[in-house]
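Residue numbers (the numbering used here), protein chains in the order written: chain A, 7 to 187; chain B, 7 to 187; chain C, 7 to 187; chain D, 7 to 187.
Quick caveat, the hints were computed from the structure, so don't treat them as lab data. Here the structure is a predicted model, which is why all the values come from computation and not from measurement. Any given hint could be a false lead.
Same chains, same label: a pair holds when it works inside one copy or across any pair of copies.
[Said to hold, decoys possible] Dumping the calculated DSBU-like pairs for lysine-lysine here, alpha-carbon to alpha-carbon at most 35 angstroms:
1. Lys107 with Lys177
2. Lys112 with Lys43
3. Lys112 with Lys162
4. Lys184 with Lys43
Protein chains: 4
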Amino acid sequence: MKILVLHGSSRDAGNTEQLTNLALEGVPHTSIRLREKTIQPIHDQRHDEGGFNAVADDYDEVTEAVLTHDFLIFSTPIYWYGMSGHMKNYVDRWSQSLRDKRYSFKESLGQKQAYVITTGGDQPRLKGLPLIQQFQYVFSFVGMPFAGYIIGEGNKPSDIMSDQRAVEEAKIFNAWLKAKQ
Amino acid sequence: MKILVLHGSSRDAGNTEQLTNLALEGVPHTSIRLREKTIQPIHDQRHDEGGFNAVADDYDEVTEAVLTHDFLIFSTPIYWYGMSGHMKNYVDRWSQSLRDKRYSFKESLGQKQAYVITTGGDQPRLKGLPLIQQFQYVFSFVGMPFAGYIIGEGNKPSDIMSDQRAVEEAKIFNAWLKAKQ
Amino acid sequence: MKILVLHGSSRDAGNTEQLTNLALEGVPHTSIRLREKTIQPIHDQRHDEGGFNAVADDYDEVTEAVLTHDFLIFSTPIYWYGMSGHMKNYVDRWSQSLRDKRYSFKESLGQKQAYVITTGGDQPRLKGLPLIQQFQYVFSFVGMPFAGYIIGEGNKPSDIMSDQRAVEEAKIFNAWLKAKQ
Amino acid sequence: MKILVLHGSSRDAGNTEQLTNLALEGVPHTSIRLREKTIQPIHDQRHDEGGFNAVADDYDEVTEAVLTHDFLIFSTPIYWYGMSGHMKNYVDRWSQSLRDKRYSFKESLGQKQAYVITTGGDQPRLKGLPLIQQFQYVFSFVGMPFAGYIIGEGNKPSDIMSDQRAVEEAKIFNAWLKAKQ
């Protein structure tokens, strides 16, 4: 099982990344930090005659990584009760890939699984639920099973290591991933 | 009551804009199309020693408009069951304004009201609810009353005009806005 | 199209019933007030050897009405951010009908449509959304399309008539129902 | 800290009770099985001249237990994507206590904390979220902090013991409760 992590955080070594790293300790995987890529917001041209224009940025590179892995971990801090803009910009562009004749995008995603790791500072296990529900619809739209999620609490750097429950959940997920290797 | 519309759509004259225009017919207001602005995704530097670096883009210009109006309409299509990346990029940057000594950002927003107009093609009155809940938390965080929302259904250009319920709700909102002038 | 209204309210002529009556003005339909029926809470015997015991109450009578109509309107006030206990007691018992050899319960419901009318006094268009999401899962489980919903605001008797938006939505629904006759 | 568990399940030794028992191992507490009590659905008489009539059932007994404990655990299986009718009937009656001059009901609850333990058989970590959101509003209305929740997966008796994550979460909660003694 080839694992890809999409990091949505905008800062280095934030709580979400720390928790994700814990979950992936000793597990072979590919990591992409979306903040290190240039990805334009979508320009919705679904209804334009010529369809979508090609965009000269890093979207294709990320998408090729997505398509060549089996298990996708969406790792994003809760920014304003949603995924980060970095991640949203990326996901919005999927609309373009759905029309892209180079891929069978939806069919391909439908053979993968998705997982979400997120942390936030303001009651994330309650106020992060609309984000989980959003991911639920996103994954369901492309037919990709939602294998699970972890919500952690943290604000200042490294807070997350004191969230015993999130840490324990990351360890359980880690063991599960290892058993799948 | 000074009204500002933030358009999150990435295309011209889409369903969300049409519905919003209907709601604002004959109502003086300012419009900003976020797609016509350059707004970088946030770089979270809340915990950096020097705080946030200034960013040379159109964020400040939009935010000054936000701060000088009383009633904010967030008009966004449902993209992947959330607000558009254009709008998310903008809202994420509020974290920067919260630390910006030029403004009393939160206090100022707390004296405004917010409204959401959104449309989508995939059961938006059900699958758009996590987005409404996200806005609920966003507005609540800054103490800005959530005056209401309209969810419309449409996919192809102008579909929205056949959503009788959304059209009627836009008219009721229009009359309400006029009565506030 | 044979229409059945299940009234979940515990009082006479409350806001939810008023709004529902408005929606049904001039539309032939059957009404059941669950508060006038005796319906025991479920006793979950799915895993008991002998299965469910028969219960001597009005559940079967209501269920036979459900099965012989095509369009089901669940009309319930928002009590503590959910459907009323009267209605929940009824819906919980569906677990029993799923095992009842007299019916093809799920298949039968899957050929109907469902609609929800609800009112509440505490920001119902926001705080009533978990209830809508619950109904979404309930209807989806039995394969019954969720045709729509109306959320109204009201607390004291007849408040609802001042909720112009809910009244207008009820009228649109009324016209739609009439067109289906 | 005096702990009260309200069991909403309708069967003996179901998955929710098992998970709850695990969480409470070695922790002194009071248990009430709502299925063993007779609690009528609410009759909403808030707007009746004489207010609520007294009801001769076990509601008062349960409520006195609620009022004399500090930490309330709502333990309910997910029935049709909500709390059980047994539990909903009980909670609905709080409307009566809010008007009951014998108690300062809301003030009293505002000094307690609430916790939710729930299990379900159909993707409970996703489809149980509206229930968590409902509890969030319920507790918020009475000003009672929502200390946390555990969602477990199980259908057939004892399934829950194979849900390693829920079991681990119950143990963490158990240690937390013990530390509060």
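Verification of the hints:
1. Taking the shortest alpha-carbon separations for Lys107 and Lys177, neither the intra-copy value of 40 angstroms nor the inter-copy value of 42 angstroms comes in at or below 35 angstroms.
2. Taking the shortest Cα distances, Lys112 and Lys43 sit within 35 angstroms of each other both inside one copy (23 angstroms) and across copies (31 angstroms).
3. Only between protomers do Lys112 and Lys162 lie at most 35 angstroms apart by alpha-carbon distance; the minimum there is 20 angstroms, versus 38 angstroms within a single protomer.
4. When the C-alpha separation of Lys184 and Lys43 is checked against a cutoff of 35 angstroms, the pair qualifies only within one copy, where the shortest distance is 29 angstroms, while the shortest distance between copies is 45 angstroms.
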